[in-house]
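Asks: Those sequence lines, one after another, are chains P, S, Z, F and Y.
Sequential numbering from 313 applies to the first sequence in our numbering.
Sequential numbering from 313 applies to the second sequence in our numbering.
Sequential numbering from 313 applies to the third sequence in our numbering.
Sequential numbering from 313 applies to the fourth sequence in our numbering.
Sequential numbering from 313 applies to the fifth sequence in our numbering.
Incorrect hints may have been included.
As the list claims (entries may be wrong) - Straight-line C-alpha distance at most 20 Å; calculated PhoX-like pairs for lysine-lysine: (1) Y/K494 / Y/K530; (2) Z/K561 / Z/K494; (3) S/K494 / S/K561; (4) S/K486 / P/K486; (5) Y/K486 / F/K486; (6) Z/K486 / S/K486.
Everything labelled a hint here was simulated from the structure, so no lab data went into it.
Note that the structure is predicted; figures quoted are calculated from it, not measured.
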Amino acid sequence: MSNDRVPRPALAELGLGTGKKARLHRILYQHGLRNGTAMFLPYDQGLEHGPRDFFDNPAAGDPRYIIKLAVEGGFNGVAIQVGSAEKFFWDYAGEVPLLLKLNGRTEIPSAAAPRSPLNASVEDAVRLGADAVGYTLYVGSEQQEADFEAFAEVRRQAHRFGLPLVVWSYPRGKAVDAKGGKNSFYQVDYASRTAGELGADIVKLNFPDPKATEGVPKAYAAEVGEQDAVNAVVRSAARTPVLLSGGEKGGDEEVLDKARMAMEAGALGVIFGRNVWQRQYDESLRFVERLRELLSKYPS
Amino acid sequence: MSNDRVPRPALAELGLGTGKKARLHRILYQHGLRNGTAMFLPYDQGLEHGPRDFFDNPAAGDPRYIIKLAVEGGFNGVAIQVGSAEKFFWDYAGEVPLLLKLNGRTEIPSAAAPRSPLNASVEDAVRLGADAVGYTLYVGSEQQEADFEAFAEVRRQAHRFGLPLVVWSYPRGKAVDAKGGKNSFYQVDYASRTAGELGADIVKLNFPDPKATEGVPKAYAAEVGEQDAVNAVVRSAARTPVLLSGGEKGGDEEVLDKARMAMEAGALGVIFGRNVWQRQYDESLRFVERLRELLSKYPS
Amino acid sequence: MSNDRVPRPALAELGLGTGKKARLHRILYQHGLRNGTAMFLPYDQGLEHGPRDFFDNPAAGDPRYIIKLAVEGGFNGVAIQVGSAEKFFWDYAGEVPLLLKLNGRTEIPSAAAPRSPLNASVEDAVRLGADAVGYTLYVGSEQQEADFEAFAEVRRQAHRFGLPLVVWSYPRGKAVDAKGGKNSFYQVDYASRTAGELGADIVKLNFPDPKATEGVPKAYAAEVGEQDAVNAVVRSAARTPVLLSGGEKGGDEEVLDKARMAMEAGALGVIFGRNVWQRQYDESLRFVERLRELLSKYPS
Amino acid sequence: MSNDRVPRPALAELGLGTGKKARLHRILYQHGLRNGTAMFLPYDQGLEHGPRDFFDNPAAGDPRYIIKLAVEGGFNGVAIQVGSAEKFFWDYAGEVPLLLKLNGRTEIPSAAAPRSPLNASVEDAVRLGADAVGYTLYVGSEQQEADFEAFAEVRRQAHRFGLPLVVWSYPRGKAVDAKGGKNSFYQVDYASRTAGELGADIVKLNFPDPKATEGVPKAYAAEVGEQDAVNAVVRSAARTPVLLSGGEKGGDEEVLDKARMAMEAGALGVIFGRNVWQRQYDESLRFVERLRELLSKYPS
Amino acid sequence: MSNDRVPRPALAELGLGTGKKARLHRILYQHGLRNGTAMFLPYDQGLEHGPRDFFDNPAAGDPRYIIKLAVEGGFNGVAIQVGSAEKFFWDYAGEVPLLLKLNGRTEIPSAAAPRSPLNASVEDAVRLGADAVGYTLYVGSEQQEADFEAFAEVRRQAHRFGLPLVVWSYPRGKAVDAKGGKNSFYQVDYASRTAGELGADIVKLNFPDPKATEGVPKAYAAEVGEQDAVNAVVRSAARTPVLLSGGEKGGDEEVLDKARMAMEAGALGVIFGRNVWQRQYDESLRFVERLRELLSKYPS
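Bound-form chain P, shown alone (with noise of 0.2 Å):
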């Protein structure tokens, strides 16, 4: 495996039409820090999770709460639900990016075998107004075959009204438990490629945990760094810029050092939800703020 690290894609090499580089350079040099990258605030935790994600701090649980901490924290972006979008974006239409959640489940039924139901069309985001639309591929379900078809549409319709597609490529199921787990080196860095291969204009992954690696292919059982791992996933996506989520809320320094990884991988920027929402809104803005100060590092 190379440790070598690949330069973060320019716009202009990621084969967009008018429209996805119309709306791709909107998000990336008209909000955020306008400097190429970019810090996605996501808030689909409220169906994926359910309600008790909100309990730490109620107030998020007000997706209005949410928009205009994107708006005031200076984000590129906020990534809802249609339900969320219809009832509280037009307050703040055209004040951020809205980065529509086209599907999304909940956590009760089983997800030995999940996929992520379309709850909303390209065309649902292009009347709200929306610069980009976000898809949950569940790479290694066993229904992986329904939802790589149902993604196949949504990549056809992207592209008809030139929407940039955002995949939040996910390893999940049985056979991901198996080979090493959802957030396994090995798991991750397939996600990633998947992605990319299957058209996703942006790809969001989770952070791989090169440890795990129980069940793996002998390739990805080495002994890997942190960095290394984030590199790999990174050169995976092959000019697919990459956004790493950050998962459930850590600590500060923590989180921050593991955003400083992925810039330094060549990804295009994080998407943090409840690391950012999951405190009071000024704790929320001060940290945005060491955010940006890092991502302020890495212009292109």
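Based on these hints, arrange chains S, Z, F and Y on the given structure of chain P.
Replies: This is chains S, Z, F and Y only, laid out in the frame that chain P set:
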């Protein structure tokens, strides 16, 4: 978890297009108490439970009887299936808002992984002069994927035609039974949030039981009072107005207490069926009068 | 449970558009007894049971024979599948109303979770000059979801083209077997209600057996007389006119007793097949004459 | 010619499907006098005549002013074009029925052979929550063919969606000018009949002038009184309820006399625009009060 | 006629859905002066007038030159035809809002009864990442009927996809010439109203000439000042924000005076083409700077 109550959202805050706003205004301010609260009469039990629900008051088996009761009781709307609407609504067309229930199932086949199939379309509702449509979403069912996808199409049609979409958001299925059960606070709270995220205009919930904690996530295992649980599910809906449903017939005082709890929590109102019509007509009207008196104290 | 009988609903009370009313008026007042009662001749047994049903009277295997019998016996309509209609109805077109059966299945595959697939469309029925269409709904089957959805589309097409929709509402499947069985009063009563709720214009039911109480809900476990059970299923249809079907061939007196019970309960009439044509032509006509005499006593 | 007056047809006699009946009931019994009469406020003059119609009372150039007047004056509906509805109806949505005018033209191009092009669809009306749609039919125009065909499609859509269709039935064009002129009894009588024959649910007519007999067929050349002419055009509509329109602003007494004539003739009501809003707001309300007093004498 | 000026309507008052609001917010508050005023650069003269318009400054014949000018001049948008957008917008995609002009014609065929045919669709605009679409409506043309009908479909598509619709509302044709002419106050005032009634989100008008009174209706024959005429046409648009266009190149002071008049009248801004780019690049930027200075005085 917060104990805060959120005020009932104003019609102008719901992100509604002109048609949805016109129809909700009509429902809330030209029928019922005309004060922004709502009292709906649901009548899909003949399909959901079968004729046995009419054994105690056989007259209630006649849809005409029920629609008349909705008119004379001053309800904000009557929720019926398409067959009953086709045969019985003409006589009273325009006198009480019609909430056409679009899906439904019999209780006979296994409910281990239920889905409620579409029996009518939003366009049927438009043609029949309905002012709203209703959809039962089985949150947590193993068939959740097909359910969410069918719902998304109904949501799009409701948007297209400007009809408010009322979601019966019901936890159901094996996984739900294993995690608190269908009436547990955890499940009802999650169902509330899910309906809002997916685009309900109004959500109908069962009263949450905070004592049903077997198998629920740790965050929901703490002791919670009844009123606090109702407050929470109303808050989780995030600007989606909430209707609380009554379920099986109970004692009048108990039911009125529940209704009061709902209104105190900021709900839009109640949707009581069996508690209304599983008794003689005059008794129904007397009970309705008490409900109206209660709702008259919560204008907006 | 009430023992009340409800009067047969008048044509003008059924919420029919002009086309449905025109065709039903033709069926009920220009054919058969011309007195508002109905006697249909069903002939889908060749598909549903196979040629064995014709072994006792091989001539009845010829659709032409049956249509001629329907004409000469003065039936209100003959119910056949599309293939038979295409080949044989031309000769008698206009002489007896055609009820085109739109779905059907063979008895060969397992009936544990049956669904009756569509073999023809409402538009086929229009093209063939049919005055009504028929659909078999398997209430309670594990495939109920797909069945309800297919039915909803047939209902919409029947509305669009103004053809009355006759529903063979049949309890079927494992869950039905476990709760009283397909002919139990509980199941037939529920099936009657279901057809009405979903939009049947006429519902065809089997005679309910009030003694089949194994596994039924408590409300149905009480002792109920045969006539009371028939009264109940007619009442549960809620203004949907009911046709009682004969099922397997029985003794004439027994069958006529059942027909009388149906008419006393307020049914629209009967739909007897094997009891009519599983005998010689002249005998068939003699039996039909007795049925006509009975129906002549229930004008409306 | 008969001088008979025909009574105003009841809602139940109009052959309306459920949706049209629901919406007309709402218009006639939940707004205005709530007594079955109708008083509409038309506001398409900005398009049909241009801003000059607002010169005497510039405030009336603001659609919001007019909709407010319709609400506060207690009208049964306000007739506006789609652009005004999109921008201004949201604020008052549900407070007064919207009659969406589907076609319209400017007075600039030649009116020798006019046709009023469609500017909106019935589906637009549904989406905006309108309770009725309006269509201008130029009876007698050289472009009548295209007009009738466009109307037929509008009628079909109005049927499909259950919206009452109000027809501005206006004689127009060179041939009309040569045979009595657009306001002649002959032409208005013919236009009344035409609207009914082609499927109007309500027809809007100008007051017929029985003195304009130049060029009319012999049958219309006889001397006829004004009331008799109005009686006749109402009768010619053949169960299509008639609205009489006011045209240019006249003296109050004269206009009220005309309204009385209309109601005596069995009309549904009046649709007065310039006579209402070409004066100060308070004067408008005072004039409306006199109209309401008149209509209150003709309940049904 | 009133001399009143109406204030520029706020974005929140325009009845806009979320997508239209997002895109207009972006145009008005994230580009140009970012103060709610607008300065558009139109570039459809190559089609409408032919290359002769570029003879004075041949460089302006290159669409890339113009788009660069729009970016560097800080315009709120550049209006171009689809072919230019396909070839030239990619380079600058996202840097300046694209207003895709959907129809257009050459000046070669007779303009006695003109219609501007559709050269692109709203969906083309979405795909190209446009933030608005433009449509030329020839008010008063003998082809007005086909024009209105084509416009209605564009309006529906713009609504469907959430793109603001800018209407070039231009009086044209023989009847217009006979009644004041295309720039007369009467015609421009009527065109302003027409665009609003038919559903424009923004209307682009030529400066009205109150001295062109030959053949106009009496109401427009009175003496009216220039500013009063501009006030009137802005008012007639009735909450439809107005852009005034410059037409042929004039002297800078004269053009700036007109722009000032527009802003004083409550217009949204200006759309100046030839006055901007029919000079050397640097001179263009200097002139633009003066326009920006003017617009900076009219924030909202």
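Asks: Run every hint past the structure and note whether it holds.
Replies: Results of checking the hints against the structure:
Between the alpha carbons of Y/K494 and Y/K530 the distance comes to roughly 17 Å, so the proposed pair stays at or under 20 Å and holds. Among the hinted pairs, Z/K561 with Z/K494 is consistent with the structure: their alpha-carbon atoms are about 18 Å apart, no more than 20 Å. Restraint check for S/K494 and S/K561: satisfied, since their Cα atoms lie roughly 18 Å apart, inside the 20 Å limit. With a CA separation close to 19 Å, the supplied pair S/K486 and P/K486 stays within the 20 Å bound.
Taken as a hint, the Y/K486 and F/K486 pair is honoured in the structure, with Cα atoms around 19 Å apart against an allowance of 20 Å. Restraint check for Z/K486 and S/K486: satisfied, since their Cα atoms lie roughly 19 Å apart, inside the 20 Å limit.
When the structure is compared with the earlier hints, no violation turns up for any of them.
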